[in-house]
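Visitor: Based on the provided sequences and hints, a complete structural model is requested.
Numbering (my numbering) for the sequence shown: 138 to 370.
Rather than coming from a laboratory, the hints here were simulated on the basis of the structure. Glycine included, C-beta positions come from ideal geometry on N, C-alpha and C. Treat each hint with caution, since some may be false.
[To be verified] Simulated restraints on C-beta separations:
| id | residue 1 | residue 2 | range |
| --- | --- | --- | --- |
| 1 | I318 | A257 | 41 to 51 Å |
| 2 | Q272 | A300 | 44 to 54 Å |
| 3 | L281 | E340 | 41 to 51 Å |
| 4 | A327 | L358 | 14 to 24 Å |
| 5 | G202 | L324 | 46 to 56 Å |
| 6 | G156 | G202 | 27 to 37 Å |
| 7 | Q184 | A257 | 48 to 58 Å |
| 8 | I362 | S282 | 23 to 33 Å |
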Amino acid sequence: MAVATDRAADLRAETSRDGVVKLTISGRLDATSTGAVWRRAVAAVAQAKAPGVVIDAAGVHYCDGAGIALLVYLRHLQRRAGGTLQIDGLRPEFASLLEEEGAETTAAASRPAWSSRGFAVEIGQATAEIWRDIQVLVSFVGELSVALVHALRHPRGVRWRDAVRVAESAGVNALPIVALISFLMGLIMAFQAAIPLRQFGAELFIANLIGLSILRELGPLMTAIILAGRSGS
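Guide: Structure, rendered in structure tokens:
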């Protein structure tokens, strides 16, 4: 009989006449105390090479993820050796955690193993994905063109009320937020450009700078971003 004692966990290993190993675990199985018990339990099971292992966990009054991991690992170790493992006396709240962890371990083991792919394979897959995206884009543009031509040839088939409603929600209702963001960006740019332009005596051109940058570049860009983010969603 082997005895391993830790601050909050005890382990007793006994081997019966028929070769069955009985592990009696008691105390508190947490991240601090499970380490020593883990080493002794694995050593007892590995050295005995018993066809069956019985774990008496009636004395376990606390068990967290570390203790559950110990039980799962002992079960996996015994199954890999072709034996059986039985856990008796485990509290229902700990048993439910053990079942959940065992289910996750089984699902993870059933997943196919990851295999390294060559550089040429990755390039080929990336190229195929880009080609699929291009096909989807071309298909969308073609369907849109056909719909526009059909609408021009048959204007009565267009649902004008819905079109006006969409134009109002996407365009007119977005005008306040677009104006506010453009105003704030122009204000920030004016403050940031004032100091550099002052060094060259070109403070009078701040209005020209803001007007050209907002109207020609940043204004349409911010409008497109807001429409895509606000109205598109």
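Visitor: Hints first: check each against the structure and report whether it holds.
Guide: Do the hints match the structure? See the list:
Range check, I318 to A257: Cβ separation about 46 Å, and the 41 to 51 Å hint holds. The supplied range of 44 to 54 Å is broken by Q272 and A300, whose beta-carbon atoms lie about 28 Å from each other. L281 and E340 have their C-beta atoms about 48 Å apart, which keeps the hinted 41 to 51 Å range intact. A C-beta distance of roughly 18 Å is found between A327 and L358, which places it inside the suggested range of 14 to 24 Å.
The hinted range of 46 to 56 Å is satisfied by G202 and L324, whose Cβ atoms lie roughly 54 Å apart. Between G156 and G202 the CB atoms are about 32 Å apart, so this pair conforms to the stated range of 27 to 37 Å. With their beta carbons about 49 Å apart, Q184 and A257 fall inside the hinted range of 48 to 58 Å. The hinted range of 23 to 33 Å is satisfied by I362 and S282, whose Cβ atoms lie roughly 25 Å apart.
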